[in-house]
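Construct the entire structure; sequences and hints are all you get.
Note that the protein sequences, when read in sequence, are chains H and B. Each residue of the first sequence is one higher than the one before, counting from 1 in the numbering used here. Each residue of the second sequence is one higher than the one before, counting from 1001 in the numbering used here.
Just so you know, the hints here were simulated from the structure itself, not pulled from any lab data. One or more of the hints may lead you astray.
Selected chain H positions facing chain B (Cβ under 8 Å, derived; list incomplete) [claimed, not checked]:
1) Met-288
2) Gly-291
3) Leu-380
4) Glu-382
Cβ atoms here follow ideal geometry from the backbone N, Cα and C, with glycine treated the same way.
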Amino acid sequence: MEFRPRNYSAENESHALPRVRAAAHPLSAPPPPSPLAQAEVIDRGNSDFFDPLRGNANSANDTPSDHDNWNEAVDHQPTKEWTSFRRLLMQRFPVSKMVSVSSMPDVLMRSGKLHEKSSTNMHLEELDDPQKFADEGAKTITWQEYVSRLHELKDEITRSWLAEDRVTSLKLSIKVAKLLMDTSVFEFYPTLFVLVTDIMDMLGNLVWQRIKQKAEFSEDGALCGNLAENFKVRDICADAKETCYNWFSKIGAVQELLPRIYLELAIFPCWRFLLDQPLDSLQRLVMMTRGLGDPVASAYCRLYMAHCAQKLPSHDIGYLVTCVNDTRVILMQILSANERTDKNVKLNRKLQVSLMEPTVEYFMKCIFNGLSQRQVNEVLSELGLMKNQQDLGSVSCVSIILHHLLKELPIEVVSLNIVQILHLIEISKDNSFDQHMNYRLLGFRLYERKFPDDIVNIVLDEVIQVIALYDSLDEYLKVVDAYTDLILQNQKDNHLNTILEGISKRAWNKGVAEDEMLSLQSLVVKLLSHFKNLEDVFSLDWFPEIIDVMYGKSQDVVFLYVLNMATRNGHISDPTIIQMLFEVSQTLHDNMEFLNVKDDDGQVARSISRFVHMVDYGAEVECHLAFLVDCRGAFGRLNELKETLVHSSNSLAIQALKCANKHLSFVKSCVTFSEVTIPSISAPRKFDLFLETAEVALLGGMVSHLDGLIDSAISSLYTVDIIDGFRTPTDVEGLVSSIKKLCGFLVMVPGNFSLPVTYFPNNLFTLISSQSWFESKMRTQIFSAIVLLLTTLSQNRLPYHANPQIPGNDLLYYGDSSYNQELVSLSKLVLENLLSAVQQEPSQAAQGIMALEACNCIAFSFTLNNELSSVCLKLIETAKSCLSAQDRYLQSTVQLLSKQSPTSVGTTVSNSI
Amino acid sequence: MSVELKFSRANRIYRPSEPLEGKIVVKTHSSISHYGIRVTVKGSVNLQVRGGSAGVVESFYGVIKPIPIVNWTIEVKPSGKIVSGTSEIPFSLNLRQQDENLERFYETFHGADISIQYLATVDISRGYLHKSLSATMEFIVESDKADLLQRPLSPEMVIFYITQDTQRHPLLPEIKSGGFRLTGKISTQCSLFDPINGELTVEASAVPIQTIDLQLFRVESILLGEKIVTETSLIQTTQIADGDVCRNLTLPIYVILPRLLTCPTTLAGPFSIEFKVAIVISFQSELSKLHKKSDPKTPRLWLAMETLPLELVRTK
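Structural data, given as structure tokens:
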């Protein structure tokens, strides 16, 4: 067997494609359009693009208050809105296990006879021992029991209705409605409200259907005609009217006010059978609700009213405005009572207000749903906030009402009346709602649109002045957080300075509490995202101090943000920034064990690695290496980072080598650093890193390191199979190509006279043969590579050299026949294994390719004697049996063979095709 | 074998000038012969005196002779046969007969002492050997449209105010000293179709209010010899305010009149039916908790009230 002599430079020339100079780099970005054109693009984008998160603030303006459309929408909309509102309502007030009721209503008793008996019993008891009865007043029931009883009642009502026993249905419904009279259930009240009104709505629907049916069908069941959507009283027959009137009479006879109102509301749409203008009744019900002395009960009653009124085909918002006004009066009463009552009662009042809040929220939503500017002014003046529809803010308002008003007020109105609104917030200061939350809300609202400078100035001047007096960091932060965007957007640097100073002073004085940290985090992130450069942010006065007071999770979030921001724009070379980021990274790294979520860890690790990668000390390579050493010490837990460290140190070495005066000792330090670092990295990447370092060592001329590194690289393959989940196809391909790369690299590695000449290829071959998990496909590729390596090494002149100072093997062993002998004997051995690997492949298609690969390898490596020719022929046969005759690889291999050996083999092969 | 009366109107309301119409439904398994099917209409004012302002002796002679209004029989079918199965025999008779009427057609009313009732009875007589078949059904009489008041209802309302000083019964000392003031207005003439309207404002009250109710009373008077026996009974309570309501907020008074329990105010010679309303304010007090179910008419220490007459009229 004889190696085929090669003339690489001649082969290169003959195979090289003709080169043509390109005008532009194919991967470079297209030339930037002129700034003018770009601006146009952006503009058009704005008008076309609909951002769902922004809402349709623009279109709200455009849509005229088309009442017909609006009403149509209302017909379907409320159910959806109401359902979601109800869900939120229940979620907002989590219910404790036990519900305490002031007295157990008999309707909740599960014992069957809930009508007369129990009430007489109670009466007797009461007469017997009044004191005892009073004591037993506060009772408890689990809320599950309460709820399930209500569901039962709902079923009972439906059952009786279906059994034509409508009187029982009504009686039970009245009992259910009465449950809402007891507000001592506190947090359970909203849930109770939802459940009870669900039953009321059901009853209302049943009654509506019944009367509608009476109106549409005659007594004997014949259809008289469908009622139009907007029917009038004259379309209704006397019988239906009579039934309808009966319902209202029955409900009117209910003694207690609250159930009477609820039931009338439930069947409220039925007024349409009797009146063409049922709205007057609505106004009366609003007034009647005033008779409910309990603030919570009356608020929720109004809430149900707002819901029921939406079932009418058309309704104005006058009654809602009255509702809000009445609520305001009640709130003012609660608040004034606050001042003179003790703490325990105060707590209850606080709870009362919080229970009432969702109702105010809902009224405001209903009121401002699609109002025109003129209507808004009318509403404001009706709410008593505007005298003569002009001077908003002359009268104070309850702050919780103001809050929800501000939330819903169209932004144009806000901007037009900004001074008045500021004044309104200022004078509306009471215990129902924290004043600073209204300032905060205003800040958020103003950020919805871009406003002229003077408006922004007015607001900022005023607000900054107000909050300057705040002692509490929490309040200060809550307000400032809302205005940060506004300040940044309008570049009010002086204000920015003021608020940062304000925060840092308050934080240093009293420390930062957990809940304040969240506001602080939000604010800092806003600042960071506004500034492009880290230097700019950190050069702000007080900013570093603020960062210093942060701790815990918020600190991590902010630090991670800082880190990502720093590594976003290219290299980092400022030593102070590097130092700062290093400390930031260190904190993140040290906190990592507190982050349980694996994903977060990955994020931190990636960011730190990126930071290390981006650090650039320029010519100060020594410093850079020292930095890498520090990093290795500081971030021991990050596997990913160590890889980055090795890459960085290797690239440092290369950088040093490129310098005119080569610091060989420095290069050595780098290589040593890498060599020491790699063993602690997990297996799959070790091989590549060793190889990379070996390349650096070779370039640096450190032959002694080189052998050790290659040895380490090869032996690292022993541990590869231990790692689970490694063998994904890409990983395998990657490993094979790395090994191939090693083979290519070994061409340049000079032989060591203390070792056998084929030491490395032999080691590699032995290893691959001994590890059973190398599949035959991998073996084929690797063995082919080894054979090609050996062939190359046998040449008189090697195709490439690394370092002119290091002689290649072509020089070291020139004309040494024993050297050549060893190469041949090893290649024989490898070739045998290669052929058997091809035979072992189970998959046909793969086997065909492998056979061709082996064939090519042989054809390139050896002069084809008969023995080898027959081997090649056999391989071609194998390939033909596996692949189609049209296969390009097969054809080109056959061509190669016939070219390489113009003897019998070639012709046989070509003939056979 | 059963017989039933069915009126043409589901609500069974008829006016004196209108014919009372309906059908007699007979269900039988075998055909039966009869000596005629007759329908009798009978209306009367029944008076009785018990308790109330009447003395022991009067209550002893409690039942007073009823005042007949109408008593009138027609033959729907002469003697003949009814086939087996369900037979429906229509009938129609005029309520008002010229010269035959004994009294005015008062509207149907069921009170405690006075009851004005109209009954229709069907009789199927089957000779002496068989028990005659009969069924009785009440129908409701409302005044004729022609007889109704021509003048419109007075839209005026009575203005009232209630303070600690307007009360003629003793009050709890804290209520008396703390003082209170409620004002309002209420209609005192009211159509039976319309609700009682009005409004009420709590202007001041030192003691928190428990509840404000509107009580509807009926006042039945009977002439007994030379004495008038009067019985006042509560027929409906309607809560206007529940709890200590906000001061100076106007609350509406809106009470739908209960059917059957009310009728037009009637002032006849031997008897009269009148109505009145009372606005009752109950203040929060420990005492009231001990007397939950008490007679509403009794003035209590924690109650303040104002009673006003109410004229009910039937309008077109």
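Hint by hint, where does the structure go against what was stated? Just the numbers, ascending.
The structure breaks hints 3, 4; every other hint is satisfied.
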